[in-house]
Amino acid sequence: MTVKSKHVRIKGIKDGLVFLLDDKCPFEDLLSELRYKLEHSHQNILTGPIVHVDIKLGNRSVTEEDKEAVLDILKSQGNLLIRSVEALEDPEEKDTEALFMMSGMLRSGQVLHHEGNLLFLGDVNPGGTITCSGDIYILGALKGMAHAGINGNQEAIIAASLLAPTQLRIADIISRPPDEWGTRESSMEFAYLSGGAMQIDKIHNIVKLRQDLNVFKGV
Amino acid sequence: MGEAIVVTSGKGGVGKTTTTANIGTALALQGKKVCLVDTDIGLRNLDVVMGLENRIIYDLVDVAEGRCRLNQALVKDKRFEELYMLPAAQTKDKTSVTPEQVKDIILELKKEYEYILIDCPAGIEHGFRNAIAGADKAIVVTTPEHAAVRDADRIIGLLEQSHVESPKLVVNRIRPGMVRSGDMLDIEDILQVLNIDLIGIVPDDELVIKAANSGEPTVMNPNSSAAIAYRNIARRILGDAVPLMQLDQKPGAFKKFKKFFGMG
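Quick note, the sequences are listed as chains G and L, same order. So the first sequence is numbered by full-length UniProt numbering: it starts at 1 and just counts up by one. So the second sequence is numbered by full-length UniProt numbering: it starts at 1 and just counts up by one.
A few of these clues could be false.
Stated by the list, open to error - So the derived label-pair ranges between C-beta atoms look like this:
hint, chain 1, residue 1, chain 2, residue 2, range
1, L, 91, G, 101, 28 to 34 Å
2, L, 12, G, 103, 32 to 38 Å
3, G, 212, L, 161, 54 to 60 Å
4, L, 31, G, 101, 34 to 40 Å
5, G, 68, L, 163, 31 to 37 Å
6, G, 113, L, 145, 28 to 34 Å
7, L, 54, G, 104, 46 to 52 Å
8, G, 174, L, 165, 48 to 54 Å
9, L, 12, G, 113, 27 to 33 Å
Claimed, not checked - Far from chain G, some chain L residues (derived; all Cβ distances over 10 Å):
hint, residue
10, 150
11, 154
12, 157
If you're looking for bench data, these hints aren't it; they were derived computationally from the structure. Ideal placement from N, C-alpha and C gives every residue a C-beta, glycine not left out.
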């Protein structure tokens with residue numbers, strides 16, 4: 001491997017070293033370059049007394065596993081003592097609360113995917129697909145397929161002004177509405193998982209499921 | 001500069017070719033200069049419906065590949081002075097022309113004709129892209145069946161992503177009796193799903209089949225209810241405010257059509 005790229009910069013400060021890791025390049029490249037530098041090109045600074053190390057990951061959003069991977073490489077050098085790791089918080093945790101709004105019309109053959117929670121203003125026609133890592137709320141008719149909690153979040157729900165889908169999925173549970181639900185009154189409803197089975201309820205009963213919601217109790 | 005309108009549906013057998021032939025003829029009846037273009041290469045039949053099969057010398061592929069001039073390939077209709085047709089090739093397939101070639105041909109035709117109606121093949125592949133390449137507007141044909149409406153929805157989605165202006169809907173082969181008894185989707189159900197402007201409804205009429213077999217577009221026969229519907233569509237394309245045909249349905253539903261038409 002030829003090291004031309006400068007994804008990893010090592011700076012000396014008064015009481016140790018700062019590892020400045022690029023936040024634009026692919027994470028895999030970063031790891032391989034770091035590994036290379038430690039094992040080959042920077043032997044001179046690494047074979048001495050114990051050195052304190054600060055790691056700065058810049059604006060890269062990393063998960064706990066990513067951080068572990070960086071630490072593992074540094075720990076392989078006995079004389080490096082990691083003092084701090086600086087990075088953005090895990091984006092998954094921040095985004096789940098936000099509700100992303102989008103409007104339009106999802107026609108047959110079209111797919112809409114969103115990471116987080118989605119409020120869709122418009123219809124999802126038969127043959128259209130909407131997928132989301134979080135909840136799906138549809139102000140309109142859901143006649144196509146909706147998949148909430150696509151990464152395995154069993155807490156996710158699907159709500160629609162008109163809940164008449166061809167199929168519903170939450171996490172890895174699949175439900176075929178017409179066969180399994182029977183006939184209901186038409187009002188805004190939502191689907192959720194209870195004990196691994198899909199359930200349908202009126203939207204105002206959502207407080208039973210989401211106890212942290214702000215509830216209007218009258219004035 | 002003329003206007004190019006593609007007639008498409010996604011699903012086969014809903015009446016694209018019949019609609020193209022009849023609207024084109026109806027526009028010619030109104031004294032317009034019209035050219036019909038068949039882009040269904042390998043499965044051409046606009047020429048059969050128009051009764052012009054035996055006059056074909058060159059075709060669309062010949063023009064695209066420069067074997068003849070555009071004017072040499074155009075077939076003049078036997079009934080009208082100003083109605084022409086550019087036939088598709090029957091021996092090749094859809095990939096023998098590119099969307100750019102079709103676009104150039106349509107552009108050339110637009111200089112000469114007021115209306116160019118493009119008959120699109122079924123499907124969403126190469127043939128569809130050829131057909132829409134030169135079009136300014138689109139007419140989506142559907143029948144009152146779930147499968148046809150589903151495909152129309154898919155096509156509308158694709159048209160919305162293209163350069164073509166927002167498409168207009170023709171609901172073909174309506175049977176008022178079956179709609180009334182609830183055995184057939186009614187117009188309102190279809191519009192609710194597709195959510196585009198309606199430009200006409202055409203009743204199911206046996207005379208259409210008879211006319212297609214004799215190579216004489218239905219629209220020539222004033223006794224046919226489908227003919228009236230096609231003439232009305234042509235007038236709406238020309239900008240006239242023609243009320244939608246009364247199919248003796250519930251008055252409540254019908255008011256909505258009128259409202260829809262007022263918008264379009």
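Would the least Cβ to Cβ distance between residue 154/L and chain G come out above 10 Å?
-> violated (4 Å)
Go ahead and decide if the range 54 to 60 Å is satisfied by the Cβ distance of residue 212/G to residue 161/L.
-> violated (40 Å)
Check on residue 150/L being off the interface with chain G, judged by Cβ distance over 10 Å | For residue 150/L, whose nearest Cβ neighbour in chain G is about 5 Å away, the distance does not exceed 10 Å, so it is violated.
Measuring from beta carbon to beta carbon, are residue 31/L and residue 101/G in 34 to 40 Å?
-> Check failed, 51 Å falls outside 34 to 40 Å.
Residue 113/G versus residue 145/L beta-carbon gap, inside 28 to 34 Å or not = holds (30 Å)
For the pair residue 12/L and residue 113/G, does the Cβ-Cβ distance stay inside 27 to 33 Å?
-> holds (31 Å)
Lying within 28 to 34 Å: is that true of the beta-carbon distance residue 91/L to residue 101/G?
-> Given range 28 to 34 Å: violated, Cβ gap about 53 Å.
Residue 12/L and residue 103/G, beta-carbon distance inside 32 to 38 Å?
-> holds (33 Å)
Would you check whether the claim that residue 157/L is not at the interface survives, using Cβ distances to chain G and the 10 Å cut-off?
-> violated (3 Å)
Distance restraint hint 46 to 52 Å, applied to the beta-carbon atoms of residue 54/L and residue 104/G | holds (49 Å)
For residue 174/G and residue 165/L, compare the CB-CB distance with the range 48 to 54 Å and indicate the outcome.
-> violated (39 Å)
31 to 37 Å as the expected CB spacing between residue 163/L and residue 68/G, which holds or is violated = Violated, at about 50 Å.
In summary, the numbered hints that this structure violates are 1, 3, 4, 5, 8, 10, 11 and 12.
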